[in-house]
Every structure is written in C-alpha cells, then in structure tokens.
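Student: Protein chains in written order, with our numbering: chain Y, 34 to 326; chain G, 464 to 736.
Any given hint could be a false lead.
[What the hints assert, rightly or not] In silico EDC-like pairs for lysine to aspartate or glutamate, Cα to Cα no more than 20 Å straight-line:
| hint | chain 1 | residue 1 | chain 2 | residue 2 |
| --- | --- | --- | --- | --- |
| 1 | Y | Lys42 | G | Glu735 |
| 2 | G | Lys725 | G | Glu735 |
| 3 | Y | Lys42 | G | Glu631 |
| 4 | Y | Lys321 | G | Glu735 |
[Claimed, not checked] Just a sample of chain Y residues kept apart from chain G, beta carbon distances all over 10 Å, derived:
| hint | residue |
| --- | --- |
| 5 | Trp85 |
| 6 | Leu261 |
| 7 | Asp265 |
[What the hints assert, rightly or not] Short, incomplete list of chain G residues facing chain Y, as computed with Cβ under 10 Å:
| hint | residue |
| --- | --- |
| 8 | Arg505 |
| 9 | Trp509 |
| 10 | Thr512 |
| 11 | Ile518 |
| 12 | Ala608 |
| 13 | Leu651 |
| 14 | Leu656 |
| 15 | Ile712 |
Note that these hints are calculated values from the structure, not bench results. Everything numeric in this text was worked out from a predicted model, so none of it was measured. Heads up, the beta-carbon is just placed ideally off N, CA and C, and yes, glycines get one too.
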Amino acid sequence: MKAGRRLRKRQWLGLLFVAPALLLYGTFILYPTARTLNLSLWDWDGVNPAVWRGLANYVDVVSDPILRGSIVHALILLVFFALAPVCFGLIMAALLTRHRIRGMAAFRLVYFLPQVLPLIAVGIIFRWIYSPNGTANGLLGWVGISSDRAWLGEWNWALPAIGLIGTWVQSGLCMMLFIAGAGNIHPHLYEAARLDGAGPVREFFAVTLPGLRAEVGLALTVTVISALAAFDLVYITTGGSPGHRTDVPGLVIYQRLVAGDLGHAAALAIVLSCLVAMAAIATSRLSKVEAER
Amino acid sequence: MRASRSERVMGYAILLLMAAGILVPITAIVLAAFHEPGATVRGLSWPDTWSWSNIATAWTEGHFSSLVGQSVIVCLIVVPLTCVLAGLAGFGLGALNTPGRGFLTITFIVGMTLPIEVVIVPLYHDLRALHLTDSLVTLALVESAAFLPFGVYWMKTTFAGQPSELSEQAMIDGASAGQRLRYIQAPLATPALTTLAVLYFMWAWNQFLIVITVISDPNRRTAPAGLGFFVAPHSIDIPLLSAATLIVITPIVVTYAILQRKFVAGILAGVER
Chain Y
34 MKAGRRLRKR QWLGLLFVAP ALLLYGTFIL YPTARTLNLS LWDWDGVNPA
84 VWRGLANYVD VVSDPILRGS IVHALILLVF FALAPVCFGL IMAALLTRHR
134 IRGMAAFRLV YFLPQVLPLI AVGIIFRWIY SPNGTANGLL GWVGISSDRA
184 WLGEWNWALP AIGLIGTWVQ SGLCMMLFIA GAGNIHPHLY EAARLDGAGP
234 VREFFAVTLP GLRAEVGLAL TVTVISALAA FDLVYITTGG SPGHRTDVPG
284 LVIYQRLVAG DLGHAAALAI VLSCLVAMAA IATSRLSKVE AER
Chain G
464 MRASRSERVM GYAILLLMAA GILVPITAIV LAAFHEPGAT VRGLSWPDTW
514 SWSNIATAWT EGHFSSLVGQ SVIVCLIVVP LTCVLAGLAG FGLGALNTPG
564 RGFLTITFIV GMTLPIEVVI VPLYHDLRAL HLTDSLVTLA LVESAAFLPF
614 GVYWMKTTFA GQPSELSEQA MIDGASAGQR LRYIQAPLAT PALTTLAVLY
664 FMWAWNQFLI VITVISDPNR RTAPAGLGFF VAPHSIDIPL LSAATLIVIT
714 PIVVTYAILQ RKFVAGILAG VER
C-alpha cells in the first residue's frame, strides 16, 4: 500500500490481476443478486409470462403469516444462536481469567469441533438425540424426569430445540474467542481492581467485559448471521414442521423457489439480505469502536 | 496470578463439563453406528456386539463411493481456483496502485455479507434454462464465486501488510508486477494462503444449499447433500443413518485432527474479517 502511494503511478495492469476473480464473482453472485432484486417485483412461476407486481411481494412478506413468521422465527433463533453462546463464553472467560489453564490445546480441539462438522450431519445427530428414544430424554431420565417426547415434533418445543443445536454449535467458538481475548487484558487492570477491593462480579463488569468488547462484537457478527441465514439445520431436522412452526427465511425461500413462486422467494431473499447487512453493520460497530481507541 | 484452589477446581470442572457437552452427541452417533443393523438404540449405549456391517450397507445403499468421489472433485476444483484467484486479486488490490481499487474492495466486501439465499432464486431457474445444472464444474464455479469475496479481502489485507522495502527494491531493479508477486510477495504470503486453502476445503466439503440448488439429480450431488437425501427413506434405522453420517464427517474430522492449527487459524480468520 505504502509503495503504491509513494510512487503515485497508476498501475492499470492491476486490473488484470483483479479481473478473473471479479468476473467469476460478478457472474455467479453480483448478477444473480441484481436478478433477484428484479424478480422480487414480479409474479412469476418460471414458465408462463411474468406479471408486474411492484412492491406487492414485499407487502406480502410483512402481511402473509408464513412469510412473516419465518422472519419472526429467525429473530427468536438469535437468542439461541447468538445471545446464549456469547453469555456462556463470557461466563467461562470470567471464571478462567484468574488462573492459567493447562491442557488448553486439547480443550481447543474439542471446542472448535462443532465448527468443522457439516451442519447437515449435526442436524442428523440431533434428530436422533431429540427422538423419543434419544439422548435428550435419556438425560432427563437421569435427573428424574421421565419423558418420551419427540422434541422436534412438538408445537412449542421444536423451535427452541433447533435453537439449542445452534447454541451447541456456536458456544465453543465464543468461549475460545473470549478466553483468548481475556488473556490479552493487562494483568495490571486486574491487580488494580483487586486493590480496590473488587470481588469476582465487579471485576467482571469493570475489567473483563470492557476488555472483551471487540471479541464480543466479532462473535456476535458471526453468530447473528448464522441465525438469520440458517438453512441446513432446519431443512434436515424439521423442514418447517410442525405446522410452519419452525419455518425460517432460507427454508421458505427454497420451498417457494422449488414450488414456482419466484416473486415471493426473491422478495423474502432481499428482505433477508437487508436484515443480515444491518446486523453485520451494527455488530461490527462494537468491534470497530474498540479499535479506534 | 492468584487463584484459590476451589476456584481452580471449579474452572476445570466447567471446562470439562462443556467439553463433555460437545462430545456426548458425537460419541452417541459413533456408538450408534456400530450397533446391530436395525437395532433400537437408546441414548448413549454401548453396542452388545460391534457390527461393522452398517458402514458397508450405508456405503453401498447411499451410493457414497460416487458421492464422496464427487465431493473430492468439487474440492479439487474449488480450493486451487479460489486460492489462485483470491491471491491474484488480493495482490492487485493490496500491493498495486490499481485504479478504482477502493471501489473494487468494497464490491468484494459487500459479497462477504450476502447470504447464499439471495442468489439461489435466479441460479436455480437460469442455470436450468441454459442446461448448466447437474454439472460438477458449474457447482464448483458457483461455490468458488460465493467463497471468493472473503479470500480476496483476506489476501488484500495480507499483501498490504507486507513490508514494502523488498518489493520496492525489486521494482527499482526493474522487476515486473508479476515477477514481484511470484518471487517475493507470494512466497511471503504462503502461511496466509495455506490457512485460506484449509478454510476453503472445509467450506467446499460442508456446503449444502448451493449443491441442492445447482444439482437436481440426488446421485450426482456431494457427500453431505447425499446424506441429506439418505435421511428420509432410512429415518427409522438409527444405526444405518449414524453410519452414513460417520462416512460424511470422517474425512473432515480426520483432516481437522491432522491440520488442527491451520483449521483454528482459518476459523478465526473467518471470524476476524
């Protein structure tokens, strides 16, 4: 960067280096995105002539119970995919900042494992865990609650059950991020807090939490996007059932697409993209403010 | 650091409890895969007799020899293609004074937040109209395009962060941009590129939505997509389904165990963009 600025000579040749990536990205991502924006204004089944609808598809996204419901469900999943893992991670960081941890490499290997597995496989694992004969009911039996519920088939439990899979996937990552981040907080800050007579709780709010602001921002960006744009987990565990109780935007977009309702699929996809972009901007603010200081 | 003994014990206890929480579901599926075919498996239970036949049955009934082969082909196209294109573009945006590079960089950054859902609507329809579906090459190209924005940004940051003295000296000595990339800046960027390659391998192996959108013939999809299709007809036979899951996760888990550091670096790079 410095070299370029100092020489001040424009290097048109640079465009040749960027061109292949831009061509591929433009063809399969940018152009289709523009097409989606256009399709969202039409009523089209993919075969017969399209009929102009203007913003009517967007009105349906807000008013149609299934389309709107999918967005509401995605917002509920935020609690499980983003909020819960960040809280877990912070509690762990608070408990573990006071001493050095031995065997961290082994813990790291385990805690990152859910990030590596294909979500389709994770979904299949939990389909069985939540089944009447599964581990979830087994664990409840251990603590004295006998249950033979099919958790993913229950009207009120299916969505939280999917949410907890997200908690399982994201918690390890958040913990590792925060434990590493807490290691970078200057020990003097802790000593000062303790000299002032701060207990573990005050120490957490006065030193650990402010020190982890950037990490919390990063963790929220990733987990929030994973909740809003969730597809694989829901597709494989419930497919939206029971009674549309677990529909999420990604799933509804795919179902409408395959069923030949391209206008609504496109409008919902655009709304989803805007939500993701807004969330990304909001959460990256958290980490940026820290960097500027 | 001062920490009481009880605090220390509690810290380890919680770390172990959390690790167990992550490992129990995975252990459950491994144990289930080795039960007698068709057995009813209850929770975490040790198989009475270890049976390998589920793996073999799942392998043939799920057509996993062709599915795994197709996954390998897709990875073999996606990983080199994306690494080379991201490296070139990252060099153009990070190390050269390319006109319009600020705008181009933002164009790629926008792509990092676009969810896959936004492109599948036209892709599903237009690729069918052009008869480009059901091709592993099309699939690899779409995946590469979706993965590129992160790589371009990552490599741009890498090249921009390199010390400028070496390449300036080379420029004074008359080296072309291509020569500088090839002999000085690319070798210096090797660690960043290998991290990127590992991340891309993981994304390509695990991708699902793009696969089912671009490829409609279930037998011509990749391993995770094939697993998704395997569930419906075998949802009651837990040992068989677990065996199929094991087939799909083994390659990625083994690679993770071997290249642990690179994976962790890659995942963190993906987070810290």
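Student: When the structure is checked against the list of hints, which entries are broken? Sort them ascending.
Tutor: 1, 6, 7, 9, 10, 11, 13 and 14
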